[in-house]
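**Student:** Now for the letters of each chain:
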Amino acid sequence: MTYTESLMGHATTATEVTDPVVAVTAARRADIQDEIYLRYRRPLMQVFLQRRIDRDAAQDLLQRTFLQAIKKIRSDGLDDPSNLGGYLYRTACKLATAYWRGELNRRHDSDGELLSNLRDDALSLEESLDHDLRGRLVRELMRKLSVARDREVLERFYLKEESRSAIRESMNLTELQFNQVLWRARQRFAEILRKQGFAEGTATLVARSMDG
Amino acid sequence: MDHMQFKSSQAAASYVANELSEHQQEAFELHMMGCSECLNDVEAWRVIKTHMPAPAVIEAARPPFRKVWWGGWGMAASFAAAMAVSAAGGYFASAARQPDVDSSELAVFNMPAITRASECTQLPLAANARVLVLRVPGVSSERRLTIADSDGKTVPSSLYSARLQRDGSWVVRFDAAYLQRASVQVVSSRSGTEDEVLGCVVATVVPPPG
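First to last, the sequence lines map onto chains A and B. To convert, note that position 60 of the first sequence is 60 in my numbering; the numbers rise steadily by one, no gaps. Position in the second sequence (from 1) plus 1000 gives the number in my numbering.
No wet-lab data here; the hints were simulated from the structure. Honestly, I wouldn't trust all of these hints.
To be verified - Quick list of in silico lysine-lysine cross-link-like pairs, DSS-like style, CA-CA up to 30 Å:
no., chain 1, residue 1, chain 2, residue 2
1, A, Lys-144, A, Lys-160
2, A, Lys-71, A, Lys-94
3, A, Lys-72, A, Lys-94
4, A, Lys-144, B, Lys-1049
5, A, Lys-160, B, Lys-1007
6, A, Lys-94, B, Lys-1153
7, A, Lys-144, B, Lys-1153
8, B, Lys-1049, A, Lys-160
9, A, Lys-144, A, Lys-94
10, B, Lys-1049, B, Lys-1007
11, A, Lys-160, A, Lys-195
12, B, Lys-1007, A, Lys-195
13, A, Lys-195, B, Lys-1049
14, B, Lys-1007, A, Lys-94
Just so you know, these numbers come straight off a predicted model, no measurement behind them.
Assemble the whole structure, with the sequences as input and the hints as a guide.
**Tutor:** What follows is the structure, given as structure tokens:
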């Protein structure tokens, strides 16, 4: 069964749960499971990317994560239903570890096409902008950093992957100054994205609506 | 840690740069599961990291330098002086080092385990590979690594370079084209003792997998 199939096979399993979200899940399974997917998909994707798993494999692991969670909710419920995010996170971490140990089956009963048919109104920044445009925007950011020191910090931090402490020491920067450099760059990048008509965090609305 | 602490310490930027400790990373990731603002930050920093251009690209794309009133002969003279200095520096620097190699032109292998087969192990290369690096672990500290041709004659050191790493392994750098033309034997030697052949390798160009 794929995660998507689990979404389709709604309202057939009685699940005794106490958490409002999970309880509603049992009642209006397809809609809410879709919401859960949209809410947690992006952070879980970052969890996988952070562990140096490429995007295609991460997509597969993401599907496995949700599938395991849905099965668990349907069969046993969660020990702490209010911590659904934490449960998904732990599941994702375990799957990432299993992936690197080569413990996962190469073939998985996933259905990428069906998955991609889910609503795509919560795309990440990388998914929203094509590769060339992203490259252009980052180059623009680097050009627009007016202080040469700021550019050097970013290059050393991300391109050369030097440690924060080494950069600070060699450039004689305090922790605060270092963080200010990062803050300025982040602000500038947000401006550039806004000028491109890209509103960051289209998923924010989804997350907020779930909180409410 | 709460959201404000993560924000003020630029945790998202540090997270993407792999700067957080294991404990900090877990705490931040759990926070990110429910915080769209931090998630947006992480996504933005990851895009920046992934697409960070090399410094030369940034400089090339910078707007042209505006001429100032004191530009003119003074500027021209300093430019000429700078050219002379950099030309001389470039000459000496290029004589002292190997040409730059793009990572796609570099092939790195661990020394294959020695087999009873008489033929050499073929190391698969991409067509554009220029440099082949072979890591040879397990060489006793009192022995040196040398390279011999198929007849057992020592290959001139101009055709390869070998150096001992801090972990005790040797790293041997070959011109990829040379290793496609000739097989070589990796030999560990020590004066007064018999040479020990650790293996034989040759390079061959193969198409990409799949």
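**Student:** If a hint holds in the structure, say so; if it does not, say that too.
**Tutor:** Going through the hints against the structure:
1. A C-alpha spacing of about 20 Å is found between A:Lys-144 and A:Lys-160, which places the hinted pair at or below 30 Å, so the restraint holds.
2. Of the supplied pair hints, the one linking A:Lys-71 and A:Lys-94 holds, its CA atoms being roughly 16 Å apart against a limit of 30 Å.
3. Among the hinted pairs, A:Lys-72 with A:Lys-94 is consistent with the structure: their alpha-carbon atoms are about 15 Å apart, no more than 30 Å.
4. A threshold of 30 Å between alpha carbons decides the hint, and for A:Lys-144 with B:Lys-1049 the separation of about 16 Å falls inside it, so the pair holds.
5. Distance restraint check for A:Lys-160 and B:Lys-1007: the Cα-Cα separation of roughly 24 Å lies within the 30 Å cut-off, and the hinted pair is therefore satisfied.
6. For the suggested pair A:Lys-94 and B:Lys-1153, the alpha carbons sit about 53 Å apart, so the restraint of at most 30 Å is broken.
7. A C-alpha spacing of about 58 Å is found between A:Lys-144 and B:Lys-1153, which places the hinted pair above 30 Å, so the restraint is violated.
8. For the suggested pair B:Lys-1049 and A:Lys-160, the alpha carbons sit about 10 Å apart, so the restraint of at most 30 Å is met.
9. Between A:Lys-144 and A:Lys-94 the CA atoms are separated by roughly 41 Å; this puts the pair beyond 30 Å, and the hint is violated.
10. A threshold of 30 Å between alpha carbons decides the hint, and for B:Lys-1049 with B:Lys-1007 the separation of about 19 Å falls inside it, so the pair holds.
11. For the hint linking A:Lys-160 to A:Lys-195, the alpha-carbon distance of about 29 Å falls within 30 Å, and the restraint holds.
12. With a C-alpha separation of about 24 Å, the suggested pairing of B:Lys-1007 with A:Lys-195 holds against the 30 Å cut-off.
13. Taking the CA atoms of A:Lys-195 and B:Lys-1049, the gap is near 20 Å; set against the 30 Å cutoff, the hint holds.
14. Between B:Lys-1007 and A:Lys-94 the alpha-carbon distance is near 27 Å, which keeps this suggested pair within the 30 Å criterion.
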